[in-house]
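From just these sequences and the hints, can you work out the full model?
Protein chains: 2
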Amino acid sequence: MPNDRLSATFSALADPTRRAILARLALGETTVGELAKPFKISGPAVSKHLRVLEQAGLIVRGREAQWRPCRIVPDPLKEVDGWLGHYRRFWDASLDRLGDYLQQLQGKDKRRGRKKRKGESRRD
Amino acid sequence: MPNDRLSATFSALADPTRRAILARLALGETTVGELAKPFKISGPAVSKHLRVLEQAGLIVRGREAQWRPCRIVPDPLKEVDGWLGHYRRFWDASLDRLGDYLQQLQGKDKRRGRKKRKGESRRD
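Read top to bottom, the protein sequences are chains V and L. Residue numbering for the first sequence follows the working numbering, beginning at 10 and increasing consecutively. Residue numbering for the second sequence follows the working numbering, beginning at 10 and increasing consecutively.
Hints may be right or wrong, so weigh each one.
[Said to hold, decoys possible] Reference excerpt, derived from the structure (chain L facing chain V, CB under 8 angstroms, subset only):
(1) Ser16
(2) Ser20
(3) Ala23
(4) Pro25
(5) Phe48
(6) Tyr96
[As the list claims (entries may be wrong)] Sample of chain V residues facing chain L (criterion: CB under 7 angstroms; computed from the structure):
(7) Asp13
(8) Ser16
(9) Phe19
(10) Pro83
(11) Leu86
(12) Lys87
(13) Gly91
[Unchecked claim] SDA-like, lysine to any residue: derived pairs with alpha carbons at most 20 angstroms apart:
(14) L:Lys87 - V:Trp92
(15) L:Lys87 - V:Phe99
(16) L:Lys87 - V:Trp100
Honestly, the hints are just simulated from the structure, not real lab data. Think of the CB as a built atom: it goes at the ideal place given N, C-alpha and C, for glycine as much as any other residue.
Have a look at this one:
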């Protein structure tokens with residue numbers, strides 16, 4: 010398990026079974042038994058994946074002996090999202106366009122408000 | 010190196026030095042020598058990190074013997090962004106609100122267009 014949290018998160022996510030477990034938990038909390046069902050791996054193997062996810066802070070597990078529901082904790086994923094933000098401009102020019110569009114719409118909104126009051130003719 | 014691309018990407022990102030290299034490359038392509046300067050690790054260690062990034066498709070390296078500029082390739086990061094999309098609702102309620110706001114504005118826009126043509130009274 011890497012020392013820094015972002016590395017720990019990325020390391021935990023670098024496995025398709027662990028991502029599948031997260032995808033299931035995104036639907037709601039559930040037991041280890043239910044989580045294990047779709048996978049053709051042993052119970053201990055599932056438990057090991059859960060421990061990795063837990064150590065990375067991506068899930069928490071209840072402490073009751075019989076019913077230990079697992080629940081997703083989104084904070085580390087939010088950190089990944091923040092980190093990705095530095096690179097999003099490489100593919101998401103639409104973010105800029107959306108910003109421009111909002112400004113345009115808001116501009117129109119204001120101009121129309123003024124025109125309505127002053128009875129000016131429409132320019133846009 | 011994991012078999013599936015998303016795992017390979019996460020695995021490559023699970024190291025602070027490799028993320029620092031990507032951050033430098035986000036500013037523009039540069040040589041291995043320039044990339045190595047800020048790190049207190051050997052040239053071969055930097056080269057090894059670059060190989061991991063290259064194998065994960067996160068960077069490409071020029072083929073010229075003397076001048077082998079490294080360049081970031083955003084596609085794998087875009088895939089991570091897409092994957093994160095399934096979880097973004099856990100922290101980004103503002104996305105929903107933005108969508109609602111856009112619909113509201115567009116709705117107003119359409120209604121105003123109709124009213125202008127038909128001379129209807131304002132309802133909103």
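Evaluation of the provided hints:
1. Ser16: This hint holds: Ser16 (chain L) lies near chain V, its Cβ roughly 5 angstroms from the closest one there, short of 8 angstroms.
2. Ser20: holds, 4 angstroms
3. Ala23: Holds, because the Cβ-Cβ distance from Ala23 (chain L) to chain V comes to roughly 4 angstroms (cut-off 8 angstroms).
4. Pro25: holds, 6 angstroms
5. Phe48: violated, 15 angstroms
6. Tyr96: Check passed: Cβ of Tyr96 (chain L) comes within 5 angstroms of chain V, closer than 8 angstroms.
7. Asp13: Given a least distance of 6 angstroms, the restraint on Asp13 (chain V) holds.
8. Ser16: This interface hint holds because 5 angstroms falls under the 7 angstroms limit.
9. Phe19: holds, 4 angstroms
10. Pro83: holds, 4 angstroms
11. Leu86: holds, 5 angstroms
12. Lys87: At 5 angstroms from the nearest chain L Cβ, Lys87 (chain V) passes the 7 angstroms test, so the hint holds.
13. Gly91: Given a least distance of 10 angstroms, the restraint on Gly91 (chain V) is violated.
14. L:Lys87 - V:Trp92: Roughly 12 angstroms between the alpha carbons, so the hint for Lys87 (chain L) and Trp92 (chain V) holds.
15. L:Lys87 - V:Phe99: holds, 9 angstroms
16. L:Lys87 - V:Trp100: holds, 7 angstroms
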